[in-house]
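*Asks:* Here's the letter readout for the chains.
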Amino acid sequence: MTDPALLTNLDESHPERALEVAELVKRYPTGVEALRGVSLAIEPGEFFGLLGPNGAGKSTLIHCATGLAQPTSGAIRVFGHDAIDKYAEARQAVGLAPQELNLDWFLTAEETLDYHAGYFGMPKRERRERARELLETFSLTEKAKERTRTLSGGMKRRLILARALMHRPRLLILDEPTAGVDIELRLELWHYVQRINDEGTTILLTTHYLEEAEQLCDKIAFINEGEIVAQGSSTELAARYAVANLEDAYLALVGREELSRSRVQELVS
Amino acid sequence: MSAAQIRFLTLWRREVNRFLKIKKQTIGAPLLETFLYISVFGAALGSRIDELHGIDYVVFVIPGLIMMAWAMNAFSNNSSSILQQKFQGAIQDQLSSPASPLELLLAFSLGGFMRGLAVATLTFIAASLLVDLPVDHVLVLIPALFLVGFFFSQLGVLIGVRAEQFDDVALAQTFVLQPLIFLGGVFYSAALLPEPFQTLTHFNPVYYMINLVRYGFLGFTEADVALSLVALAAAAAALFAVNLRLFTRGYKLRA
Chain D
1 MTDPALLTNL DESHPERALE VAELVKRYPT GVEALRGVSL AIEPGEFFGL LGPNGAGKST
61 LIHCATGLAQ PTSGAIRVFG HDAIDKYAEA RQAVGLAPQE LNLDWFLTAE ETLDYHAGYF
121 GMPKRERRER ARELLETFSL TEKAKERTRT LSGGMKRRLI LARALMHRPR LLILDEPTAG
181 VDIELRLELW HYVQRINDEG TTILLTTHYL EEAEQLCDKI AFINEGEIVA QGSSTELAAR
241 YAVANLEDAY LALVGREELS RSRVQELVS
Chain E
1001 MSAAQIRFLT LWRREVNRFL KIKKQTIGAP LLETFLYISV FGAALGSRID ELHGIDYVVF
1061 VIPGLIMMAW AMNAFSNNSS SILQQKFQGA IQDQLSSPAS PLELLLAFSL GGFMRGLAVA
1121 TLTFIAASLL VDLPVDHVLV LIPALFLVGF FFSQLGVLIG VRAEQFDDVA LAQTFVLQPL
1181 IFLGGVFYSA ALLPEPFQTL THFNPVYYMI NLVRYGFLGF TEADVALSLV ALAAAAAALF
1241 AVNLRLFTRG YKLRA
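Chains D and E supply the protein sequences, listed in that same order.
If you're matching positions, the first sequence starts at 1 in the working numbering and goes up one per residue.
If you're matching positions, the second sequence starts at 1001 in the working numbering and goes up one per residue.
For reference, chain E alone in the conformation it holds in the complex (with noise of 0.2 Å):
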């Protein structure tokens, strides 16, 4: 192995062992509280609901639920590995290193992009288990997964460079991730909102995601899946680039 290889995956090897390191709270909390979303709006809820588009509710909301694991636990792990590691001045000796800036970008992004893996399929293997849970187009699904997976990536990496203070994280997680998330029809179709809520929800990039995912695991979507495909591809590459970038001008990470 060369020391190039060995520098990348000692990088990668420290943001995975973080978040194993703390399991339960990375691990275990998500897959609980996707246990619960299945429980209170799939049981509870959707026994009132029965069916949409016709298909059971239980099953119609599981996708969005493998999709918002996947977003979240990217997103946070990411934002919050780097923060801390600003924050305890530790980061320095990654940025000290002989590492680049693509190396290091890749290996903070794939922290978060491996927990968000873990924690869907995870919950991928309890839904089975819970519901007869098709996978009709995996050549879809998968590479949406991997695309909504390396998109919040990036995003985490973004707010965690950019963050001063714990309290940025929770904003950007609480105040707008979270609302979009939700309000792209995890739990719900479109098509049911009534005007302007239909309208505004196509405004929303995270309806797109959930449609794609819910494509791949059911065949219903209720936008284009091709389009919705490339631009996914496309947000995460120019997210991607940017946060290129900032590695590379050292932004709030270097002095």
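So here's chain D without its partners, still in its complex pose (with noise of 0.2 Å):
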């Protein structure tokens, strides 16, 4: 259960944030402490990146607010629910496409999409019609009846989004959508993406690609070692670490700006 002090650290004037962190720890019982006291707030209809090495803490960060992983302190709120004591609320308005290709080897595409959207409670003609949209958006449609260890990389990473998209969620959460897929469907999934946060869908994206965050979202956190340590605009970033662009900033966050693009062309030259 979450702590009721906790709960009041959340800010109680933004009832209806699509997603608010107040003071998160996450602590593993091998003692590694994934997440010390992460405190974030997404608005309704925001894209937001959350961007950090490897082991920052973004997956588990997510996994906490998906119900895949236990806070050892700390609140989060979903759209206003509180996602531990109200989780079914909270998750029902999360949608989450991870970055593990974790489909059911036993299931057809169609089967993982009917009985995802029937986890969160839609009717049968609703699933069926809305797994046909997907299906067709996502240019699975011919590969619908197939077992899904057939499909290809892409065609599992295309799946897995259609999947957390089934049950139309409020807030969309992207953790490495593009990881290892190539430069044709990276673009076709930046165009959906936008085009589905323009409709009022608000989108938590973790990504390595910082052209992807710069372009997409409208704010961007840095995670390091558990903690945030810096948020705001990719220009408002830049200025803050006193570099050209995001990618320099990020580069200044893990203290490796010897590999700044324009050190290294400078040093060329």
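Simulated from the structure, these hints should not be mistaken for laboratory data.
Chain E residues, not near chain D, derived (Cβ > 10 Å throughout):
(1) G1028
(2) F1035
(3) V1040
(4) I1049
(5) D1050
(6) I1125
(7) V1138
(8) F1166
(9) V1176
(10) Q1178
(11) F1197
(12) L1200
(13) P1205
(14) L1244
Calculated Cβ distances over 12 Å to all of chain D for the following chain E residues:
(15) L1031
(16) L1052
(17) T1121
(18) L1129
(19) D1132
(20) D1136
(21) H1137
(22) L1183
(23) S1189
(24) A1226
(25) F1240
Here are the simulated lysine-lysine pairs, DSS-like style, with alpha carbons at most 25 Å apart:
(26) K1086(E) to K1024(E)
(27) K1023(E) to K145(D)
(28) K124(D) to K1021(E)
(29) K124(D) to K143(D)
(30) K1021(E) to K143(D)
(31) K1021(E) to K145(D)
(32) K156(D) to K1021(E)
(33) K156(D) to K1086(E)
(34) K156(D) to K145(D)
(35) K1252(E) to K1086(E)
(36) K1086(E) to K145(D)
(37) K143(D) to K1023(E)
(38) K86(D) to K1252(E)
(39) K156(D) to K143(D)
(40) K145(D) to K1024(E)
In this text, a Cβ means the ideal position worked out from N, Cα and C, and glycines have one as well.
With the hints as a guide, bring the two chains together.
*Replies:* Structure below.
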């Protein structure tokens, strides 16, 4: 159960924030502290980027928000619903496209979408129509009856995104959705998520492609060693680190300024 | 239908659909196995043993085989379904849904329960075609079989949740469950065993389950029927409570 004292740390003047996290701590039984008092807020309709090196705590934060991990302490609210005490309402509002290709090998592409929507209580006719629409959108119609294990990596990635969208979530969480996909698919995904964001879906994106975050996100937070170290627009972040762009700001965050393209170019010339 | 009903039916449908998709392995193989037991222990060995407690040997073993079919299938279905989904990460789809721990537990449990029911029913039909199998106490038989199915479904869930590799499931099935079932008196009457094995058999919980089912079919038992039913119901309820606690805590399911 969420500590009532921490619930008061949530900003009550914005009860309908898409995602609000207050002083979130996640300590694994091994003693590793993956999140160390993370606080952040995502407004409805925002396209929010969460950037950080591997192991910074991005996926742990996402797992805490979606019920896949249990916070040690702190509070999380999704559209005003406490993610622990009112988990059903909170999870109903979230669609998660995880980093891992976690599809059920026994199911076909169509069944994957149908079952997911069923878990979220969607009636049969609506499930069927929505599945048809998303299979079409993600160019998977011809693969609808194929078992997921026979799909290519790119198709699995599309299916995972389609699955996350099946129940029409108000908050879509994309955990490195373009990792390992070809340029064509990456651009397709960009266009699609941009469109649904324009239509009102709030998006939380984690990615290692900084140009992706720069182009898509209204607001970006840097997370490092389980803490949010900076947040703002890409321009604000660049200004904060006194560098030219988001990539250089990120390199400053991880202490690898020597890898900056401008510096490498200077050295070459 | 409410959203909660749709959710539960979908969770349950997924579990049933899983074993139906591989029915040669999940239904066909156990049926063949039971048929082989009937052939070897009933027809071949039975021709030498003739009768046990005044009952044809082949008829004497069939109730135990039906119980064993339900128990083993309920257990192996649930343990492997949960472990497989954990292994693939696919279980995250159910875990991140609005489903409650109780809904998840019941759906996972009922998958194996239904598979056990299917195999046990088919075994009963096949056995009835081969021999004259009476059903003496249907009001004991049905609750006894349902409780056995529920108990082993819960055991399968418990092992599946705890397991980290396929070896863990095989270990429980091969080194614990199978010996308990075989030594519980499926193929013989404990009264015929020499000491100390006769006394040791009374410490095997499966012995009481077999006796309940045998009583339901044949009207013959070596154990107290009412006490066995109550103990079995209590054991199944206790196991269910343990599993519900594990699901609520997210033990080895949620990080």
